[in-house]
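> The primary structure of each chain is shown beneath.
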Amino acid sequence: MLDILQRLGHKALSRLAAIGRAGQILLQSLVAAPQPLTMLPLILKQIYFVGVLSLVIIIVSGGFIGMVLGLQGYTILVDYGSEQAVGQMVALSLVRELAPVVAALLFAGRAGSALTAEIGLMKATEQLASLEMIGVDPLRRIVAPRLWAGFICMPILAIIFAVVGIWGGALVAVDWLGIYEGSFWANMQQSVDFYDDVLNGIIKAVCFGVVVTWIAVFEGYDCIPTSEGISQATTRTVVYSSLAVLGLDFILTALMFGEL
Amino acid sequence: MRMRTVEIGVGAFMLAGILALVVLALNVSGLNLSEQAGGYKVYARFDNIGGLTPRAKVAMSGVQIGQVTAIRIDKDMLMAEVEMEIFNDVDYLTVDSSASILTAGLLGEQYIGVVPGAEEDLLGDGDFIQDTQSALVLEELIGKFLFNKVSE
Amino acid sequence: MKPEHESIIDIRGLSFFRGERAIFDSVDITIPRGKVTAIMGPSGTGKTTLLKLIGGQLRPESGQILLEGMDIPGLGRRELFEVRERMGMLFQSGALFTDMSVFENVAFPLRVHTELPEDMIRDVVLMKLQAVGLRGARDLMPSELSGGMARRVALARAIALDPDIVMYDEPFTGQDPIAMGVLVNLIRRLNQALGHTSIIVSHDINETLGIADYIYLLSDGRVIAKGTPEELADIDSEQVRQFMKGLPDGPVPFHFKAPDYHQDLLQEY
Chain F
1 MLDILQRLGH KALSRLAAIG RAGQILLQSL VAAPQPLTML PLILKQIYFV GVLSLVIIIV
61 SGGFIGMVLG LQGYTILVDY GSEQAVGQMV ALSLVRELAP VVAALLFAGR AGSALTAEIG
121 LMKATEQLAS LEMIGVDPLR RIVAPRLWAG FICMPILAII FAVVGIWGGA LVAVDWLGIY
181 EGSFWANMQQ SVDFYDDVLN GIIKAVCFGV VVTWIAVFEG YDCIPTSEGI SQATTRTVVY
241 SSLAVLGLDF ILTALMFGEL
Chain R
1 MRMRTVEIGV GAFMLAGILA LVVLALNVSG LNLSEQAGGY KVYARFDNIG GLTPRAKVAM
61 SGVQIGQVTA IRIDKDMLMA EVEMEIFNDV DYLTVDSSAS ILTAGLLGEQ YIGVVPGAEE
121 DLLGDGDFIQ DTQSALVLEE LIGKFLFNKV SE
Chain H
1 MKPEHESIID IRGLSFFRGE RAIFDSVDIT IPRGKVTAIM GPSGTGKTTL LKLIGGQLRP
61 ESGQILLEGM DIPGLGRREL FEVRERMGML FQSGALFTDM SVFENVAFPL RVHTELPEDM
121 IRDVVLMKLQ AVGLRGARDL MPSELSGGMA RRVALARAIA LDPDIVMYDE PFTGQDPIAM
181 GVLVNLIRRL NQALGHTSII VSHDINETLG IADYIYLLSD GRVIAKGTPE ELADIDSEQV
241 RQFMKGLPDG PVPFHFKAPD YHQDLLQEY
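Protein chains in written order, with the UniProt record's numbering: chain F, 1 to 260; chain R, 1 to 152; chain H, 1 to 269.
Since the hints were derived computationally from the structure, they do not count as laboratory data.
Backbone N, C-alpha and C fix where the C-beta goes; we use that ideal spot for every residue, glycine too.
Keep in mind that the hints are not guaranteed to be accurate.
In silico negatives: residues of chain H with every beta carbon more than 12 angstroms from chain F [as the list claims (entries may be wrong)]:
{"no.": "1", "residue": "Ser-26"}
{"no.": "2", "residue": "Arg-33"}
{"no.": "3", "residue": "Pro-177"}
Cut-off 20 angstroms, straight-line C-alpha distance, at most; resulting in silico cross-link-like pairs (EDC-like, lysine to aspartate or glutamate) [what the hints assert, rightly or not]:
{"no.": "4", "chain 1": "F", "residue 1": "Lys-45", "chain 2": "H", "residue 2": "Glu-104"}
{"no.": "5", "chain 1": "F", "residue 1": "Lys-11", "chain 2": "H", "residue 2": "Glu-20"}
{"no.": "6", "chain 1": "F", "residue 1": "Lys-45", "chain 2": "R", "residue 2": "Glu-7"}
{"no.": "7", "chain 1": "H", "residue 1": "Lys-52", "chain 2": "F", "residue 2": "Asp-222"}
{"no.": "8", "chain 1": "H", "residue 1": "Lys-52", "chain 2": "F", "residue 2": "Asp-137"}
{"no.": "9", "chain 1": "F", "residue 1": "Lys-45", "chain 2": "H", "residue 2": "Asp-99"}
Footprint (simulated), chain F over chain R, 3 or more residues, beta carbon under 8 angstroms [stated by the list, open to error]:
{"no.": "10", "stretch": "12-26"}
{"no.": "11", "stretch": "52-61"}
Bound-form chain F, shown alone (with noise of 0.2 angstroms):
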């Protein structure tokens, strides 16, 4: 019985250090002495990495959300007779919802994991290491612009996702299936608010980049530094950031939203 208690005890301590950790790597990379000036070409560089070479996988699948979106909405709309309402459906529900939720999980599988596992290798090849040996900190020359970039990337991502789903609900509804176009349009454009529905759908995609490049990155400084333990970290990363952004959406869509 001791027992049981004395390893609970363990496993919540070691988890409130971990925490601990991701924050004091995030405050020291964040805030401690930033150099904008030389770190820019860095963060160019990695919004590259993270951004641009994400873009494909968010625009296929924003198009093919948005396309199943305007069939699901036009089979369901239509048997109220208010088929032209099926605009305002598909973009209110990929500017408040689907945009930025799932272009942060396709966000954590494909440039989180990739972080993770960078970060990991560099920890492995003593790269880290022999940073700190030339005396410079490991924390502002690879995670900070990281950090940065995926902060960045995120919400520009969430953005593009949101608009070609628009695009393949609108292919969808008004090409195939014979929406009047201007109604289409007419309602989408009268129930979408840009301050309530689109500047607030951007805010979470902000706080997702925040969650999921920081969980990313710290899973990668703090991994063991085997083949197994960066392959253990790159899988907590999707896991954790995943859990991660489906919690906060709904704390987030419950204070936007909710009218609490």
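For this one, chain F is given, so just place chains R and H on it according to the hints.
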């Protein structure tokens, strides 16, 4: 050489993001950046506006000619006063035009339908549409229907 | 100018624990200036840890690591980075930055610590690459190098700032005989030519004996023997002899702790 592809890629990425945001703002949410481009203001009083909301469309024969910009209570007449913005190129609304609140489809959104009259004079900025018809409220209709049945 | 100290690094009463296990238990080591000192011992005795302690990447539980009288564990972040400018370290895996070319790897410490103009950096980098015989490989990426070449590039990077101390972490592990010979030669030659102090951590006896001026033998967190290679060969201790001769059985047993062989075989399953 390698840095160049990176920079071009990032530049294109950023541009795509900004363009997508503009599309979201203008095409999807119908955000109007320039207020003047909207047109001239016309007012109408209704007994009951039903579920009409700001940014609902104002249409003539089903074609959009403007949108609702504000809804308030006129304290003197105790009626709903709807402010709408009519596009500048719409120069055929006569002073005796009529406005009614209609519903698109059975469950669709409500909008204002405008029908022009026969007068020569045109509506200008700040004018009121006198001839108005309130929204159909389902409960009232059912009430009337039942009342007629009973009285038959 | 005569050096003011005979020794450049003095380690006194160093203790370091990993969890409950003592990696070092009150160890004293003196590294003489300008010589090649080897730290040897079986795997898992914390030889790499010792280098990390000297480099200030880890802090000991107790004891002093004095670099010319400066206590490294007591230094602040800033001073530590300044001290590291005087140290070069060759990591076991080379630890080249995989996203930079060979040239940029060697230039990296120069760009960080100096404000030299670009053409001077180029000259210095080419000189260092020439010293390790890889001037022609400057535009290659680390992934295009063989293991031995990667280690030589890493060596060029370690000596880029003309450090006072160069630390080698297992420089010979996993190298083919030719690459090994090249490295042995390079370490010796560079030590004589540049006059820095070399610390080699290794368990490759023959190569290390060939270049070391002084050897410390570590086992179970203690120094079990020290001296010049000749002195070490004469030490009459079974532990030392087993390690130096590479005998399979001795104080470090060949068999992992297990019950009696015959009984184990005959036991009913």
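> State for each hint whether it applies.
Quick rundown of the hints versus the structure:
1. Distance check for H:Ser-26 against chain F: the nearest CB is about 26 angstroms away, which clears 12 angstroms, and the non-interface claim stands.
2. No beta-carbon of chain F comes within 12 angstroms of the beta-carbon of H:Arg-33; the shortest separation is about 20 angstroms.
3. Every Cβ of chain F is farther than 12 angstroms from the Cβ of H:Pro-177; the closest lies at roughly 24 angstroms, confirming the non-interface assignment.
4. Of the pairs offered as hints, the one joining F:Lys-45 and H:Glu-104 holds, with about 16 angstroms between alpha carbons and a cut-off of 20 angstroms not exceeded.
5. Restraint check for F:Lys-11 and H:Glu-20: satisfied, since their Cα atoms lie roughly 18 angstroms apart, inside the 20 angstroms limit.
6. At most 20 angstroms may separate the alpha-carbon atoms for a hinted pair to count; F:Lys-45 and R:Glu-7 meet this at roughly 8 angstroms.
7. Simply put, H:Lys-52 and F:Asp-222 have alpha-carbon atoms about 18 angstroms apart, close enough for the 20 angstroms limit, and the pair holds.
8. Annotation: proposed proximity of H:Lys-52 to F:Asp-137 holds, straight-line Cα distance about 15 angstroms (limit 20 angstroms).
9. Taking the CA atoms of F:Lys-45 and H:Asp-99, the gap is about 11 angstroms. The hint holds against a cut of 20 angstroms.
10. Counting residues of the stretch 12-26 of chain R whose beta carbon lies closer than 8 angstroms to any beta carbon of chain F gives 10, which reaches the threshold of three, so the coverage claim holds.
11. Here the stretch 52-61 of chain R counts 3 residues with a CB under 8 angstroms from a CB of chain F, which clears the bar of 3, and the coverage holds.
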